[in-house]
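K.L.:
Here is how the chains run, residue by residue.
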Amino acid sequence: MSKDKMVPVPSNAIMPERDINKVPILETHHLGIDFGGLTAVDEFSITVGRTEIAGLIGPNGAGKTTVFNLLTNVYQPTRGTILLDGKSTAKKSTAQINRMGIARTFQNIRLFSNMSVIDNVRVGLHNSINQPLAASLTRLFGYRASERKSLDEAMELLVFFHMDDMANRQAGSLPYGAQRRLEIARALATRPGIILLDEPAAGMNPSETVELMENIRRIRDSFNIAVLLIEHDMNLVMNICEGICVLDHGKVIAKGSPDEIRSNPKVIEAYLGKKKGGVEGGEE
Amino acid sequence: MERIKNMSKFTRTNIECYGMVLLAFVILLPLQNAGLISYSIAGQLVPICTYIVMAVSLNLTVGFLGELSLGHAGFMSVGAFSGVIAVACLKGSAAPDWTKLLVAIIVGGILAGVAGLIVGVPVIRLRGDYLAIVTLAFGEIIKNIINCLYVGVDKNGLHFSMTSADELGLVDASPVLKGPQGATGIPKISTFTSGVLLILFTLFVVLNLINSKTGRAVTAIRDNRIAAESVGINITRYKLTAFVISAILAGMAGALYAMNFSSIAARKFDFNTSILVLVFVVLGGMGNIPGTIIATTLLYMLPELLRQFADYRMLIYAVVLIVVMIATNSERIKLFADRIRSVFRRDDDVPDAAGKGGGAK
Chain Z
2 MSKDKMVPVP
12 SNAIMPERDI
22 NKVPILETHH
32 LGIDFGGLTA
42 VDEFSITVGR
52 TEIAGLIGPN
62 GAGKTTVFNL
72 LTNVYQPTRG
82 TILLDGKSTA
92 KKSTAQINRM
102 GIARTFQNIR
112 LFSNMSVIDN
122 VRVGLHNSIN
132 QPLAASLTRL
142 FGYRASERKS
152 LDEAMELLVF
162 FHMDDMANRQ
172 AGSLPYGAQR
182 RLEIARALAT
192 RPGIILLDEP
202 AAGMNPSETV
212 ELMENIRRIR
222 DSFNIAVLLI
232 EHDMNLVMNI
242 CEGICVLDHG
252 KVIAKGSPDE
262 IRSNPKVIEA
272 YLGKKKGGVE
282 GGEE
Chain U
680 MERIKNMSKF
690 TRTNIECYGM
700 VLLAFVILLP
710 LQNAGLISYS
720 IAGQLVPICT
730 YIVMAVSLNL
740 TVGFLGELSL
750 GHAGFMSVGA
760 FSGVIAVACL
770 KGSAAPDWTK
780 LLVAIIVGGI
790 LAGVAGLIVG
800 VPVIRLRGDY
810 LAIVTLAFGE
820 IIKNIINCLY
830 VGVDKNGLHF
840 SMTSADELGL
850 VDASPVLKGP
860 QGATGIPKIS
870 TFTSGVLLIL
880 FTLFVVLNLI
890 NSKTGRAVTA
900 IRDNRIAAES
910 VGINITRYKL
920 TAFVISAILA
930 GMAGALYAMN
940 FSSIAARKFD
950 FNTSILVLVF
960 VVLGGMGNIP
970 GTIIATTLLY
980 MLPELLRQFA
990 DYRMLIYAVV
1000 LIVVMIATNS
1010 ERIKLFADRI
1020 RSVFRRDDDV
1030 PDAAGKGGGA
1040 K
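The listed protein sequences derive, respectively, from chains Z and U. Take the position in the first sequence, starting the count at 1, then add 1; the result is the number in the working numbering. Take the position in the second sequence, starting the count at 1, then add 679; the result is the number in the working numbering.
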């Protein structure tokens, strides 16, 4: 987490030392998108190590969620390339990109609200459960085994997030914090190499936020995957992120460790704001 | 523990559906055989079976896939007429009636499935109103095509024409399908038993599908398309699967229906029929299979039961529809129903029922 553990690599990126000799899980080069004449994101290049917790911060409207939408090809990039585990994701559909290894959550929670909690996770397991249509229709050809497998694996994930007692509740009826956790559980069910969290702490109280930080670290450690998160809660970002990228008006204005970001004059100017300590800020 | 609870919820719906149909069958069949059912009601048995299959299959598209299809009668029509032609091809054979009916139902199902695929591939990418409009157009197109289609069977095989019966050039045989006059001389081989078997088959397919990986994917697409895509579900594929299965079942129902009458015309399967089935689905409950079966039976029998009101029959029918629609959407009645239901259910299921009543968000 401290500065000396971050090592520069080619393309001007930094990564945690343990990830340095491995292919980065996510790399973007000069990524950009125009909406009509408006450039929403431009020259966006980042590198995320295989087990890194990285943060993407910036003022409202800076293009953070647009970056997530570009990474998952919800929007087709106008320029630039995305390499996922060394492979280009160009011309892939959102669903295909998920199968290649990117899972995400949404800023405004998108659950399957009419389905049960466990079924939400089971939908996430969709591509790892082998159940051909013939088995679905007839309850034969390994139907029972595949259903059991999906129930067991989904239950495991719910236990991981301490949600096993709500497995049969309707997802839409859960309290807000639980809905956020369920969304993460569903994303993890797709067995990604990197998970993108879009404002996971939005609307959470301080104790829920502490629990979330703990969960994010546990996700990285247990699943051995990378996390890229958008967040306005500077306490959370500075605490758990190893590398931070700051976006303003669609352009990267700074990259580095939390300490570097905290003291970067450009970032203070654009986002953190000039406070006495210059540490906490941005959000009221 | 959790798993057992989860399974039992599926099983409960299954038991409700299969049990209801079997019970009705066990009661009605001896009555029918003993001639205790009035002629007009006995004549309705196969059509009721047909419309239950239609409504359950449409519920797959409307309730579970969440797409409004207004052309379901079109698939029924394709199934009906291809079934009639298939049976006409078997005319000379010594095959027993049930084999002929089975062939008709299978051929009807397959051709309706093909029609579903042809319509589905371009249309399924559309959403909401657009899909409804295109399926509506499809129903009308099918009706008009069959209205000017002439088909005949003789020893040389099948003959088709789009202009007149004479052009078929049949050798000592009369045409099966005569354009606007429709199909005539159909053997009446549908029975109440075959109708119930088709319902059971439909329930087997639809209920299994819903409680499977495919069904969860379909429901997920309905609930939140963007999220479903983000977890790697191929939207087009699963929408198309549900749509085609729904079309196949409608085609099978069509074949069964046609074999219940000695003649049938394309105008029977028009927009009104599609809407009628949609009404059954909406009143029975979107995504509620037992409800669909009950609603179809009651609403189909209703005009028959209201016969004594003579001229005011359809007026009363409309009023009943409106009252039912208002009643099923009333919060107070929903709460009342939940309370009744909770008496019959174990305690741990109550929050679930309450959650459904309260709604999400």
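It is worth saying that the hints were derived from the structure and are not from the lab. Please read these numbers as outputs of a predicted model, since none were measured by experiment. Be aware that a few hints might be false.
[As the list claims (entries may be wrong)] Simulated restraints on C-beta separations:
hint, chain 1, residue 1, chain 2, residue 2, range
1, Z, E215, U, L1014, 38 to 44 angstroms
2, U, C827, Z, G143, 44 to 50 angstroms
3, Z, G143, U, R992, 30 to 36 angstroms
4, Z, G143, U, I1012, 42 to 48 angstroms
5, Z, G143, U, S772, 51 to 57 angstroms
6, Z, N109, U, R691, 30 to 36 angstroms
7, U, R1018, Z, K92, 50 to 56 angstroms
[Claimed, not checked] Which residues of chain Z face chain U? A partial, calculated answer using Cβ under 10 angstroms:
hint, residue
8, Q97
9, R100
10, R105
11, V211
12, M214
[Said to hold, decoys possible] Listed next, the stretches of chain U that the computed footprint assigns to chain Z, with coverage defined by at least 3 CB atoms under 8 angstroms from CB atoms of chain Z:
hint, segment
13, 701-708
14, 866-874
Each residue gets a CB set at the ideal place from its N, CA and C atoms; glycine is no exception.
K.L.:
Work down the list of hints and note, for each, if the structure agrees.
P.N.:
How the hints compare with the structure:
1. E215/Z with L1014/U: 38 to 44 angstroms: Since E215/Z and L1014/U have Cβ atoms about 40 angstroms apart, the given range 38 to 44 angstroms holds.
2. C827/U with G143/Z: 44 to 50 angstroms: For C827/U and G143/Z the Cβ distance comes to about 49 angstroms; the hint holds.
3. G143/Z with R992/U: 30 to 36 angstroms: violated, 53 angstroms
4. G143/Z with I1012/U: 42 to 48 angstroms: Hint holds: Cβ distance 43 angstroms, inside 42 to 48 angstroms.
5. G143/Z with S772/U: 51 to 57 angstroms: 39 angstroms Cβ-Cβ, so the 51 to 57 angstroms window is violated.
6. N109/Z with R691/U: 30 to 36 angstroms: holds, 34 angstroms
7. R1018/U with K92/Z: 50 to 56 angstroms: At 55 angstroms between Cβs, range holds.
8. Q97: It holds, given that the least Cβ distance between Q97/Z and chain U is near 8 angstroms, below 10 angstroms.
9. R100: holds, 5 angstroms
10. R105: The hint holds - R105/Z has a Cβ within 10 angstroms of chain U, the shortest such distance being about 6 angstroms.
11. V211: violated, 27 angstroms
12. M214: violated, 24 angstroms
13. 701-708: Coverage by chain Z is violated for the segment 701-708 of chain U (0 residues, Cβ < 8 angstroms).
14. 866-874: violated (count 0)
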